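**Q** Protein chains in written order, with the numbering used here: chain A, 1 to 198; chain B, 1 to 309.
These are calculated hints, taken from the structure and not from any lab test.
Quick caveat, the model's predicted, so the values are computed rather than measured.
All C-beta atoms, glycine included, are put in the ideal place defined by N, C-alpha and C.
Do not take every clue at face value.
Which bits of chain A does chain B cover? Going by a derived footprint, with three or more residues having C-beta under 8 Å, they are [said to hold, decoys possible]:
1) 44-51
2) 98-112
3) 132-142
4) 154-167
5) 177-185
6) 188-194
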Amino acid sequence: MKKCFGILTIVLMMMFPIYAFGGIPFDTVKTNVNNVLEILSDPKLKGDAGKKVKEQKVEAVAEKMFDYIELSKRTLGLNWNKFNQEQRKEFVGLFKKTLKDAYVDKIMSYTNERVNFTKEVSLSDTTFEVQSIVVTKSGEIPIFYRVIKKENDWKVYDVIIEGVSLINNYRTQFREILGNNPPETLLETLRKKTGKRQ
Amino acid sequence: MMFLQKIKKITGLTASIFLISCLLFKCPFMLYAAPDDIDKTDSVISEKQPESAKRSDEAASEKTLDNFEGVKAEEMSTVLASAEEKRSDAYEDVTSDEIEFEEGPRIADPIESLNRGVYHFNDKVYFWVWKPLSQGYKHVVPEGIRGIFSSFYENIKAPIRIINNLLQGKPKFAAIELAKFFINSTLGVGGLRDCAKECFGIEGRYADFGQTLGKYGAGFGFYIVLPFIGPSSPRDGIGWLVDWTLRPTTYVSADQWFSPQSVGLYMHEKVNDTSFHIGEYEILKEAAIDPYIAMRDAYVQYRTKLVER
Numbered sequence: 001m002k003k004c005f006g007i008l009t010i011v012l013m014m015m016f017p018i019y020a021f022g023g024i025p026f027d028t029v030k031t032n033v034n035n036v037l038e039i040l041s042d043p044k045l046k047g048d049a050g051k052k053v054k055e056q057k058v059e060a061v062a063e064k065m066f067d068y069i070e071l072s073k074r075t076l077g078l079n080w081n082k083f084n085q086e087q088r089k090e091f092v093g094l095f096k097k098t099l100k101d102a103y104v105d106k107i108m109s110y111t112n113e114r115v116n117f118t119k120e121v122s123l124s125d126t127t128f129e130v131q132s133i134v135v136t137k138s139g140e141i142p143i144f145y146r147v148i149k150k151e152n153d154w155k156v157y158d159v160i161i162e163g164v165s166l167i168n169n170y171r172t173q174f175r176e177i178l179g180n181n182p183p184e185t186l187l188e189t190l191r192k193k194t195g196k197r198q
Numbered sequence: 001m002m003f004l005q006k007i008k009k010i011t012g013l014t015a016s017i018f019l020i021s022c023l024l025f026k027c028p029f030m031l032y033a034a035p036d037d038i039d040k041t042d043s044v045i046s047e048k049q050p051e052s053a054k055r056s057d058e059a060a061s062e063k064t065l066d067n068f069e070g071v072k073a074e075e076m077s078t079v080l081a082s083a084e085e086k087r088s089d090a091y092e093d094v095t096s097d098e099i100e101f102e103e104g105p106r107i108a109d110p111i112e113s114l115n116r117g118v119y120h121f122n123d124k125v126y127f128w129v130w131k132p133l134s135q136g137y138k139h140v141v142p143e144g145i146r147g148i149f150s151s152f153y154e155n156i157k158a159p160i161r162i163i164n165n166l167l168q169g170k171p172k173f174a175a176i177e178l179a180k181f182f183i184n185s186t187l188g189v190g191g192l193r194d195c196a197k198e199c200f201g202i203e204g205r206y207a208d209f210g211q212t213l214g215k216y217g218a219g220f221g222f223y224i225v226l227p228f229i230g231p232s233s234p235r236d237g238i239g240w241l242v243d244w245t246l247r248p249t250t251y252v253s254a255d256q257w258f259s260p261q262s263v264g265l266y267m268h269e270k271v272n273d274t275s276f277h278i279g280e281y282e283i284l285k286e287a288a289i290d291p292y293i294a295m296r297d298a299y300v301q302y303r304t305k306l307v308e309r
């Protein structure tokens, strides 16, 4: 009996590090998205109190799934270097809040849409695109997640919905503001935007 | 006991196969890695193992997720903040190759102030007319019926997809779209359901004339927001007009290009479609710093992707 467990443990131990690195971007994204779907369809979480808990749980998954610093850097592009350390930290926080405010309601209104993960495409040594299709009542929406290898994990740094990249969309908007204004102006705009929804 | 012994046998067997194959071929599990990963596997393993040993803060961030069960919001935010604190080195300067500059497509916007005006007009039209209309419609017409209308309109627009697939040098897809049209018009009872896809799994290919022009190398020209219709460009506007002539509904009245009947049908198609998408424009607007620019960029990215595809 003991021997049996011993062997099993060895097998598991050998599998684990391999699995962890293989991380296979595909599996990482899929697991995270499925976690969210599970939380959302949890029958135990009902009513306003349940909704609050759901929101917090979804946020926790999002925290693990996304790399907001990477996302911010890529959104600002070289403009990132115009921000000082403090401003960078503030920007990441504000940008995260902007995204959260906008998308959390949409995610909470999920109604049993099916998500099919189709494939992963290598973009570079450290980046992959994991492709999925959300099947809704009126059609199919391709949603691609771009992930980057960070330490032992794969983190999402861009989401592409029907060919529209989230970071490219924000980059265009931020560039417009940063074109003739200092970083402080952008931060102030974001402060106002995120502050008004509390 | 019999059961346990069986398990023992099986695990023993698996373990030995595993060990032997690991010795011989390094590791059978590599096969599960993505094809692109296979040749990199060696270096990844060797640099991974020492790293995982010294990374204790990895475990800390892992904890954040395991512990969220029943945590209060404030507690969570402090945990998250401390996790972020640890990575302060991530706030260093960036270089252009580090972030692999993928510049998105751009569009000229010489009539921006006029466009912004029309954008605000359309915004009001959406909130005052389009949205309440679609909401009322959604309330009255059951989802099943609205789905049938969607399939019907998709099916009769087949000529647009067939001709444009042909023009884009994709005769195979033109044939598939033609086959889809026949299947859906017959088995799908006049296109009331997408039987080609549901029964046979046939996937068509979207195509329009603006996209065709793009394939032949025509650029957008510049950005123009059309009243009621929304984001467009001279190229896609012409495309839209050409596609209008390919819609069978255009010919319900023989003597006019824009007859009340065809325009009415088009409006119904749009309301029916919007009834499935109420709230999406609101999210785009809510998420945007400058909704006008966000919309313009989404249009350019979306259309560029369609042409590249």
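**Q** Confirm or reject each hint.
**A** These are the hints, each one checked on the structure:
1. 44-51: violated (count 0)
2. 98-112: Check passed, 8 qualifying residues.
3. 132-142: It holds, with 4 qualifying residues against the three required.
4. 154-167: Check passed, 4 qualifying residues.
5. 177-185: Check failed, 1 qualifying residues.
6. 188-194: holds (count 3)
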